[in-house]
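Student: The lines below spell out each chain.
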Amino acid sequence: MNINELIEKYYNGETTPAEETLLRKYFAENDKKSPEKDMFEFFSNESNMFDNSELDENELLARINTTKITKIPTFWKYAAIAAIIILAINSYLFFSKFTTENNKNIYSSGIVITDKNILQNKEIAALEIQKAFNHLNNSQKIANENLLNLKKINDVNNYIEILITD
Amino acid sequence: MKLFYKIFFFVFIASSAFAQPFSITSLIDQYSGKDGFIILNLNDAGIVLRDLVKNKSAQEATKSVKKITLIRFTTENLKEDKKIEAIKNGKNFYSQVKNFRASDYEELMSLTRGSNHLRAYFKKNEKGDNEFIMTITDEDYNSLIMYLNGTFTKEEILEIAKSIKLEL
Numbered sequence: 001m002n003i004n005e006l007i008e009k010y011y012n013g014e015t016t017p018a019e020e021t022l023l024r025k026y027f028a029e030n031d032k033k034s035p036e037k038d039m040f041e042f043f044s045n046e047s048n049m050f051d052n053s054e055l056d057e058n059e060l061l062a063r064i065n066t067t068k069i070t071k072i073p074t075f076w077k078y079a080a081i082a083a084i085i086i087l088a089i090n091s092y093l094f095f096s097k098f099t100t101e102n103n104k105n106i107y108s109s110g111i112v113i114t115d116k117n118i119l120q121n122k123e124i125a126a127l128e129i130q131k132a133f134n135h136l137n138n139s140q141k142i143a144n145e146n147l148l149n150l151k152k153i154n155d156v157n158n159y160i161e162i163l164i165t166d
Numbered sequence: 167m168k169l170f171y172k173i174f175f176f177v178f179i180a181s182s183a184f185a186q187p188f189s190i191t192s193l194i195d196q197y198s199g200k201d202g203f204i205i206l207n208l209n210d211a212g213i214v215l216r217d218l219v220k221n222k223s224a225q226e227a228t229k230s231v232k233k234i235t236l237i238r239f240t241t242e243n244l245k246e247d248k249k250i251e252a253i254k255n256g257k258n259f260y261s262q263v264k265n266f267r268a269s270d271y272e273e274l275m276s277l278t279r280g281s282n283h284l285r286a287y288f289k290k291n292e293k294g295d296n297e298f299i300m301t302i303t304d305e306d307y308n309s310l311i312m313y314l315n316g317t318f319t320k321e322e323i324l325e326i327a328k329s330i331k332l333e334l
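Taken in sequence, the protein lines are chains A and B.
Note that the working numbering numbers the first sequence so that position 26 is 26, with each residue one more than the last.
Note that the working numbering numbers the second sequence so that position 105 is 271, with each residue one more than the last.
FYI, nobody ran anything at the bench for these hints, they're computed from the structure.
A portion of the hints provided could be inaccurate.
[What the hints assert, rightly or not] Restricting the straight-line Cα-Cα distance to at most 20 Å, the calculated cross-link-like pairs of lysine to any residue (SDA-like) are:
hint: 1; chain 1: A; residue 1: K33; chain 2: A; residue 2: E8
hint: 2; chain 1: B; residue 1: K229; chain 2: A; residue 2: D115
hint: 3; chain 1: A; residue 1: K131; chain 2: B; residue 2: S192
hint: 4; chain 1: B; residue 1: K328; chain 2: A; residue 2: E8
hint: 5; chain 1: A; residue 1: K116; chain 2: B; residue 2: G280
hint: 6; chain 1: A; residue 1: K131; chain 2: B; residue 2: G280
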């Protein structure tokens with residue numbers, strides 16, 4: 001059977017697998033351009049690609065069995081969740097503080113005295129410190145007076161006790 | 167539920183590790199520049215204190231005070247249009263000052279006279295880096311917190327207080 005008869009048989013769908021292999025081999029070796037050559041070359045390439053990508057079932061099972069599944073310890077899982085929560089809270093606090101900083105310009109009459117502007121505001125600073133220490137001093141005086149009164153009461157009680165026993 | 171408890175436990179442990187001791191800086195940040203607030207934050211307290219005390223022992227005591235931080239909220243001198251907004255912040259500061267408790271400090275004094283509450287705390291630290299905190303709350307949300315840092319003793323603080331004369 002010549003090649004043309006074989007091609008015709010192929011188009012009629014009457015070729016055996018062996019005859020198709022023969023056709024593929026013929027067109028692979030033959031340099032003459034023809035639609036059949038393109039077609040058989042295409043089929044050959046496709047079939048080669050499929051053969052390469054196809055994995056043996058046993059090989060796949062072997063791969064699955066040898067693949068190590070690393071388990072993350074439970075402790076680290078919870079530690080990671082805790083870290084995420086803390087990070088989220090801190091981020092919120094940081095950004096809310098940042099927003100507050102930006103809103104500072106809204107206020108105008110508050111006074112802030114630092115080392116930089118103390119010379120211009122020394123009088124205000126002195127007055128504020130005086131007021132604060134004055135509160136402390138007055139409270140200390142009251143506390144001392146109360147202690148003194150307690151002592152006096154205690155002395156009177158002791159005196160009465162002596163009088164009663166005599 | 168078990169998972170919740172576990173996560174809560176880790177959050178608690180980690181938060182404890184990051185827990186900050188008392189920081190007046192956060193209050194400064196919060197109220198800096200706001201209406202009704204007078205904030206004083208000096209790293210060299212002597213610059214003001216030296217001129218305020220007259221007697222020699224108090225003069226010596228002022229040398230031991232390094233840092234002074236004072237935050238006071240007052241409704242005095244506030245314009246009516248700013249008063250409402252200012253009082254909102256003042257109210258918040260008032261409750262922060264009123265509820266403030268320095269647990270790891272020695273309580274020197276706690277005195278209540280009418281609406282006026284005063285508390286004073288002292289902490290002796292290593293390397294003589296001692297701390298003194300005083301809080302005052304009064305009516306109309308007037309409140310104050312003062313923080314001192316230095317090598318002073320509690321007697322020296324009381325000596326300064328005794329010596330400072332209020333000249334209005």
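Student: Hint by hint, say whether it matches the structure.
Tutor: Results of checking the hints against the structure:
no. : hint               : in the structure
1   : A:K33 with A:E8    : 18 Å, holds
2   : B:K229 with A:D115 : 17 Å, holds
3   : A:K131 with B:S192 : 23 Å, violated
4   : B:K328 with A:E8   : 123 Å, violated
5   : A:K116 with B:G280 : 38 Å, violated
6   : A:K131 with B:G280 : 18 Å, holds
Checked against the numbered hints given earlier, this structure breaks hints 3, 4 and 5; the rest are met.
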